[in-house]
Amino acid sequence: MELLSGADMLIRSLQDEGIEYIYGYPGGAALHIYDALFRQDKVKHILVRHEQAAVHMADGYARATGKPGTVLVTSGPGATNTITGIATAFMDSIPMVVLCGQVASTLIGEDAFQETDMMGVSRPVVKHNLSVRHPEEIPEVIRKAYYIAATGRPGPVVVDIPKDMTTPNERYEYSYPKKVKLRSYNPAVRGHAGQIKKAVDMLMAAKRPMIYAGGGVILGKASSQLTELTKTLGFPITNTLMGIGCYPATDKQHLGWLGMHGTYEANMAMHHSDLILCVGARFDDRVTNATEKFCPGARIIHIDIDPASISKTIDADVPIVGPVDAVLKEMLSLVKESKDKPDADALAAWWKQIEEWRAFHGMRYETSPDVIKPQEVVEMLWKLTNGDAFVTSDVGQHQMFAAQYYKFDKPNRWINSGGLGTMGFGLPAAMGIKLTHPDDEVLCFTGEGSIQMNIQELSTCKQYNLPVKIINLNNQALGMVKQWQDMNYESRHAESYMESLPDFIKLAEAYGHVGVRIERKEDLEPKLKEVLAMKDKLVFVDIYVDRFEHVYPMQVARGSMKDMWLSKTERV
Amino acid sequence: MRRIISVLLENEPGALSRVVGLFSQRNYNIETLTVAPTEDETLSRLTVTTTGSDKVIEQITKQLNKLIEVVKLVDLTEGSHIERELMLVKLKATGSQRAEIKRTVDIFRGQIVDVTSSVYTVQLAGDSEKLDGFIQAVGTSGILEVVRTGVSGIARGEKVLSL
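One line per chain: the protein sequences are R and W, in this order. Residue numbers for the first sequence follow the UniProt record's numbering, beginning at 1 and rising by one. Residue numbers for the second sequence follow the UniProt record's numbering, beginning at 1 and rising by one.
Be aware that a few hints might be false.
Said to hold, decoys possible - Chain R regions said to be covered by chain W (calculated; three or more residues, Cβ under 8 Å):
# : stretch
1 : 117-126
2 : 303-310
3 : 440-452
These aren't lab readings, by the way, just hints derived from the structure by calculation. Idealized CB from N, CA, C, for every residue including glycine.
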């Protein structure tokens, strides 16, 4: 057996785990590890400009590829800077391993330089965290970390590594465990057959069924199973913001996404349904609106890998704990074998009703001859990229516009911070995707508020040549905050307006990129075409859009699913 | 409703803080908490008493089960069970009080485990209501100090919580 130092064992473990990229930032407690990285070339390290961005990069990579991302940072501030990124990944169940340096074990608890209790600080926002107590444990700890991060309901795992665990001249026998067994961690591998049968019987008997799918379908790689089941049943389907792309958005059975800024037809159909098949979603407050008024006539089947997600906010009539792909596959075969068929007459009447809602067309915006509407920028980019781009977003109005008007037909293409709502997520996430998808178009929709939360990463983009396209929907305000202030605070715009915005064009140029400003409506299409033609350049596109636009539909606060504002003046 | 949840936990550093952290993060109550290693040194047994609606209790057990270090758990209040708590009480004991306290301790089947000319230290085991009853019986005016362990519990009969 080979003798390796702790640091070399760590890097070798990453190689054996098949890790291609790690995103990080060096510092004192991580220097033995960085030295081990330097002496090999299998695992590539991407140097960011702020540790939060390293986590979002790993996150973007994980969401686009379905594989766990990896981050390496030093102790203290290096570690604490990752927290927002880790919390972002935790809320959206993204698999990730964050390796944190720590002061030497002999110094822990002495308030040593750059010491932070990262185990304690990270505990509420990780799936699990592990601390290395002896160098010999490193291969097993790393294997465990990836296993826990990627299985069951995925999530971030932090590994805390005291500096004396990686000392170069102390060597130990290295072998990487093939398997890891944890007696206290056994995620379900299939759903309960009796419950699945019960669910299928209910599906067949439903008069006004709805399928409500979430991010779990994408994480569980179950889009094809979901699509086939939905087509076979002929049921209407909606999905959450996190579930965008799990079912083709341009298909006629798709009603768009639901919830606070969901479509009129999706929210109406949910409210009036008699059976909801929830697949890998969690009835969160941005979906249900007031829980006591949620879908009064609906019985609920809830499929989720995490038992704690079931009946947390909305009680399920038929809970099914299991991986969504396996459960859907089993459901599909039961549906196909079944002598019963869905009630055709009831379904026809239900579709007639839904088409009426659809014809009412809740998702609309008024165009103007001279002002650029943010929605039309998104629609135009959707057309110009043939609906095939990877699209990341930051958080706010632009996020909702992007999700509403870019139609995703494939999973893993819409990348946003849905649960935590982290401004500053979009650019680093886009970088993580571009790095591994160099031939694909990667767009980052952002606003002048969000982009400034991680704008330093323009420098990382230069270093690694990451030609993403930044689409800054510039309304010269924190748009979503302003919208809420317009609607709930009599337009008192407390701190939602930013003075002294930088000249983004010059800023992009200062970092060695291209900047394009679009102010006039007639320039929008030709300039966007020029931007997309610059394949090997990062282009920062600063688009001056309507400053007064609101996102609609918007559910009325504390109402039911069907209570919505459709414009500034229409309430249904 | 009051519940007693009994948990087998990996006996590892940090495992307890995860359990306690979960309760505060998710706004659940902890009324008492006891924890100690079992005959299997890799496992700790933790007993937590809590209150909440059925929905909250269901979430508590599910969320606890999600913690990687939680091996197994049971809500003891779902079946018949035995619960015990140990209390040490330091009481003022002078003059005629001495005989009176001794009688009360006997009635509650406690023991006087330390004596000085003016103080008795009493040890008492039982369910929490019994311990409350003793405190009421001797009256708070004579009490110098109380220390209680919190509840430990075990199911009655054949049922066991083990691997």
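Hints, one by one, checked against the model:
no., hint, in the structure
1, 117-126, "holds (count 4)"
2, 303-310, "holds (count 3)"
3, 440-452, "violated (count 0)"
The structure shown violates just one earlier hint, number 3.
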